[in-house]
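Number of protein chains: 2
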Amino acid sequence: MLKSVDTVAGYKTYIDLIYPLIEGKKIIRSGMTQEVQRVESAIEAACSGSSCALISSGDPGIYAMAGLVFEICQTKEIEIVPSGSRSDKDALQIEVIPGVPAVCAGASLLGAPLTHDFATISLSDLLTPWELIEKRIEAAARADFVVVIYNPKSKKRTWQLEKAQQILLKYRDRNTPTGIVTSAMRQNQDVQIVALEKLHEADVNMQTTVFVGNSTSSRYLDFMITPRGYSKKYKINANR
Amino acid sequence: MLKSVDTVAGYKTYIDLIYPLIEGKKIIRSGMTQEVQRVESAIEAACSGSSCALISSGDPGIYAMAGLVFEICQTKEIEIVPSGSRSDKDALQIEVIPGVPAVCAGASLLGAPLTHDFATISLSDLLTPWELIEKRIEAAARADFVVVIYNPKSKKRTWQLEKAQQILLKYRDRNTPTGIVTSAMRQNQDVQIVALEKLHEADVNMQTTVFVGNSTSSRYLDFMITPRGYSKKYKINANR
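Protein sequence lines correspond, in order, to chains A and B. Using this note's numbering, the first residue of the first sequence is number 1, and each one after it goes up by one. Using this note's numbering, the first residue of the second sequence is number 1, and each one after it goes up by one.
If we strip away everything but chain A, and leave its shape as in the complex, we get (with noise of 0.2 Å):
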């Protein structure tokens, strides 16, 4: 796919991550907070005809740069197609080639946290208003979702995550296994399952993802599970 592209367009780091596989195409990199400018500039190259690839760690579409292709073609009123459609030939193809996002890269670490219904809840309150977030983390642990954090803590938001914890307490016993996964499958990974309670003393930036577990949820050996359902419903024989 990225050899039959022109154009290569995507945050610093992770253009640096593939730069052996793009080495010689035109590249357009950018830093944090200038995601709107890097869109721009890519949605630009493709509309001159030059063939564009914005790339994305873990999945495009999950709190990922894919949403915003689409809201600067709205706004801007480009007319764009689902690649490979035959209709107008003027109008740009757009594809999104879905990925392994971090929510499975990191339950894939822990076990199997995610084998019943969860919510993923980004902590960033840039673009969001905290009180809507608030909202998001009180009811999926009312109604006993396994709840996933993105964007946990950064520099400048600190007291956050503490906050969401306080909130999940209030539902779920304080021995609630919580994962955190910090870099999954990259340099610097690291695993850890902790007890909810203890969540604010770990150690976590923007690379982490945290899952904390519903009332089903448990710890066995280093793993965290939570269970479809099936020995509720199904004899497991204790027995080997």
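Treat the hints with caution; some may be incorrect.
Chain copies aren't distinguished; within one or between two, either way the pair holds.
[To be verified] With a cut-off of at most 25 Å between alpha-carbon atoms, the simulated SDA-like pairs for lysine to any residue come out as follows:
#, residue 1, residue 2
1, Lys235, Ser30
2, Lys135, Tyr150
3, Lys135, Arg174
4, Lys170, Leu132
5, Lys170, Glu134
6, Lys76, Gln34
7, Lys163, Glu138
8, Lys3, Glu23
9, Lys135, Asp173
10, Lys76, Tyr220
11, Lys12, Lys155
Don't read these hints as lab results, they were simulated from the structure.
Following the hints, put chain B in place on chain A, whose structure we already have.
Same frame as chain A, but now just chain B:
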């Protein structure tokens, strides 16, 4: 990965899908509702010294078989360790390999419905009481999550999706864009976007994933978009 294993276990449809890749290996295949036996057989094979791959479609950790593996090992008190760990040589090594779940594959075909917080809910009440499912739909609807519905309907479960729709309509506009993706990335793939009030008329089955937008989601041409909120914070120039 598959090359290095002796035994492959899976639901018969998935075994058939990858059969050319696993010819000659020992195969454990079984049908729907035989999940417990299938996973028990896979664990038995692994415990007796055969390396065994248990396959799922999508991501094995999202409503899939990874959870049951751990559930059974826990019940039988089988000593398990993460694959590659240097501890006890007699322990069973387990590695969960993440994949692209239906929630990502489907979202990519719709555009970008998941750029903000979302909740995934299975409507299957075979293993979960309907009251809890309803409570989760209500909570997710009230707190304005994008709602992703797995297992919306089967031959025997026919009324749950319409009930879910009714709950969602208490909190969401009747025109809320709702994506319906069946057999994503497979033969017979089908992608539609309808208004929430029309969801009950849609053709859905066990291979369908439904995406109900939040209050900010919109439809633009053939795409469904949930904005992250950049356009509220940063100026997106409407001119090209």
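Next item on the list: Just pull the numbers of the violated hints for me, sorted ascending.
Entry: none
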